[in-house]
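What follows is each chain in one-letter form.
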Amino acid sequence: MTRALAVSTGVLGLLVAVVPQVVLPVCSASIETKAGTLIPMKCFWTARAELAVGALIVLASILLFLSRSRSATLSLCCILTGLGIVAVLLPTYLIGVCPGPTMPCHMGTLPGLMLLGSLVTVAGLAGMVLASRRESQAVTWPAA
Amino acid sequence: MARRLSTLYLASQNLGRKPARTAALGFTAAVVAAVLFGGTLLVQSMQRGLDSMAGRLGADVLVVPRGYEPTMKEVLLSGEPSTFYMARQVLPDVASLPGVAQTSPQLFIASLNAACCTLPVQLIGFDPASDFSIRPWLGNTVSRSLKTGEIIIGDLILAEVGDELQFFGQTFHVVGKLERTGMGLDVAVLMSLDSAYEMARLSESKAVRPVGIGSDQLSSILVKVDPGGDPQALSANIVRLHPETDVIVSSQMIQGVADRLRGLLPLLYGLASLLWIMSICVLAAVFSMIVNERQRELGLLRAMGATRRRLFALIISESALLTGLSAVAGILAASLIIFPFRDLIAGRLGLPYLYPPAGEIAVLILLSLVVTLLLGPLASLYSAVSASRTEPYAMIREGE
Amino acid sequence: MTLVELKQVRKVYRQGANTVAAANGVDLVIQPGEFVSIVGRSGSGKTTLLNLIGGLVKPTSGQVFLQGIDLWTLNDSQLSAVRNGKVGFVFQFACLLPNLAILDNVRLPLFLGRGRGDGIDRARALLSEVGLSAREWAYPSQLSGGEQRRVAIARALMNEPDLLLADEPTGDLDEETEQEVLELLRRFNQAGAALVMVTHEPRIARLAGRVLTMSSGTLRSEAEARLTRATA
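So the protein lines, in turn, are chains D, B and G.
Here the first sequence is numbered in the numbering used here, starting from 1 and rising by one per residue.
Here the second sequence is numbered in the numbering used here, starting from 1001 and rising by one per residue.
Here the third sequence is numbered in the numbering used here, starting from 2001 and rising by one per residue.
If we strip away everything but chain D, and leave its shape as in the complex, we get (with noise of 0.2 Å):
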């Protein structure tokens, strides 16, 4: 079962990397400063760290997966809930994405990533629980 979670949550992670660039990518246009240099949008910039967000989502999966015991599943899960919840963060509050309704990092980009941020934390929510209660079912079985 948690195997099942690692590699669904594996996915998801590589999803959150990759959606921002290729599937769902975020505005091409760059704006001018006063200086008049010419700087990327604050998409750019959110899709470049849910690359890093992701990468780190793919590790922990890689590692709940080879993962023997219970207090390494938990604390993994753990982590996985909270990459999943910098994942919605990042797009909504951290950096953002364009205001405008209609700008395709708007349409597509944020509820594509806060849709795969949100379920990444309910996977790794559902394999705390998980990993939580095979530690008390354990304790009513005497040695065999």
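Be aware that a few hints might be false.
Here are the simulated lysine to any residue pairs, SDA-like style, with alpha carbons at most 25 Å apart [unchecked claim]:
id	chain 1	residue 1	chain 2	residue 2
1	B	Lys1206	D	Leu38
2	B	Lys1018	D	Leu125
3	G	Lys2007	B	Ala1394
4	G	Lys2086	B	Gln1295
5	B	Lys1177	B	Leu1351
6	B	Lys1018	G	Leu2100
7	B	Lys1018	D	Ser132
8	B	Lys1018	D	Leu15
9	G	Lys2058	B	Arg1296
10	D	Lys42	D	Leu15
11	B	Lys1206	D	Leu125
Hints listed in this document are in silico derivations from the structure and should not be mistaken for laboratory results.
We have chain D already, so just place chains B and G on it with the hints.
Showing chains B and G alone in chain D's frame:
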């Protein structure tokens, strides 16, 4: 775990102890539910968008410069901004034709790709005195006439009442915001015709790129036909009189979109039906396998005193639980795509797009749920009946 | 009143062109609390006889009475109630529901008979009597053959039946487990339930108060059987 035994509990245990098989079976049912719910919602939203457009288009006939018929349709449907114009003289000429009840001019100007994070919007100048097509959309927004420098914005424009927006180097005050129309008006900015001409004049000196329209030009003329009049005949007259124009008959335009939609519906329901039938076949085959494999178990239950009806109920409950839960999962999955990505879908469709009211959506969810849930019992019906009719001893011997 | 009575019971199976008589005009009377064993080689029809007694298979002709009631005049609901409340089965292959924990398996008869309560206390008591209370949340696949057999016995006794039917209860078991199982069965028989046990091993059959032999569908007492063999 330690509670009263029940049929549902037994069913859930049977499903839960074989997770891979349950998941695989459930997947087919979930897909059915997702397609049914998602597909129907999509089509219903498009139909509502269409109805709302048809109901409030106002004009029977639209006069535009020659060659700009497709452009005008795009402006109306998806709000793709454009600038086009013809001579203002066309207006009085059209107004004087027989069969014309009312006319109203409009000016279409695409804004520049201005400040950060805005896309070009469609500026529409309309005549508040003679207008009959914009007013139905205004609702409670603004009751008095628009003064120069005042604008009403569409629902998707990034501003609120009281804000200021810049176009062509000039400042405008937002005095109203339209409700969601599902059409091009969502990304439009409305101002009075005079305001538009003033903006065009001042843009020569103030804007990076001037508008380039004079007050002797306009973009389109909306015509309302006399009751009982013939829009087709009128449109022929107009083109004969002014060959440099094109005429759109609204009912035909709507018809075109409606036809596109009408073609979609049978396709969707055909697909959903096919999936449903396939699912029943797959589920029936697998359930019959499962019941066969559990012959001894079922015979055992009969030996312990389970009635025929109880056995039947057990098998049906298990399949119903499977498809019921899968239906929920499928509808949830479809919702997670349809609702957050609403604007993206609407944009890609290029058609008017409005959700049905929450009550109707709830009914749709319920229907999709029930139709999918029924898959299980129907698929396992034959196996359940034959198992309940078999002699217990015969079932128990199966395993030996 | 006699507990079980079979009158001229025949059970005939058709196998292609041949007919096989698994039971051929069997007469049998069993008293409450009796311990009867039925011996015979495989294919002799002894398992069929056991199932005829328990009302799991309908005779081709003849009558089966349980506590004076002709079983095959009952409708499905009534017959199921009899199987549930009056008879306990222990089958040759332990036959526990693989997807339920042991505790749930044991209390299954209560649920099927729509008895009151959740049955947990009684099920626990029975598991304790068969020595498996520590494993109540285990699943059958986690138990050995002998342990599964003991659970099956506990389950058969859940509704306090008047009649316990055991089909080769010690088949596939090692000697030590065999003794445990037989001891359990004997204990429950002494507590009041009649026990009819089918086995192919004469030495196990001899533990019963009465030994019957089954051969090609015909039931005889042991004495008769010896006589028949001697004169053959």
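Each hint, compared with the structure:
1. B/Lys1206 with D/Leu38: 24 Å, holds
2. B/Lys1018 with D/Leu125: It holds: about 23 Å lies between the C-alpha atoms, which stays within 25 Å.
3. G/Lys2007 with B/Ala1394: Distance ~23 Å between G/Lys2007 and B/Ala1394 Cα, so the pair holds.
4. G/Lys2086 with B/Gln1295: The given pair, whose Cα atoms are some 24 Å apart, holds under the 25 Å limit.
5. B/Lys1177 with B/Leu1351: It holds: about 22 Å lies between the C-alpha atoms, which stays within 25 Å.
6. B/Lys1018 with G/Leu2100: Measuring from Cα to Cα gives roughly 12 Å; hence the hint holds.
7. B/Lys1018 with D/Ser132: Status holds; Cα separation ~22 Å.
8. B/Lys1018 with D/Leu15: 29 Å, violated
9. G/Lys2058 with B/Arg1296: OK: G/Lys2058 and B/Arg1296 at ~18 Å, within 25 Å.
10. D/Lys42 with D/Leu15: Status holds; Cα separation ~20 Å.
11. B/Lys1206 with D/Leu125: This hinted pair is violated, its Cα atoms lying about 57 Å apart.
In this structure, the earlier hints numbered 8 and 11 are contradicted, and the remaining ones agree with it.
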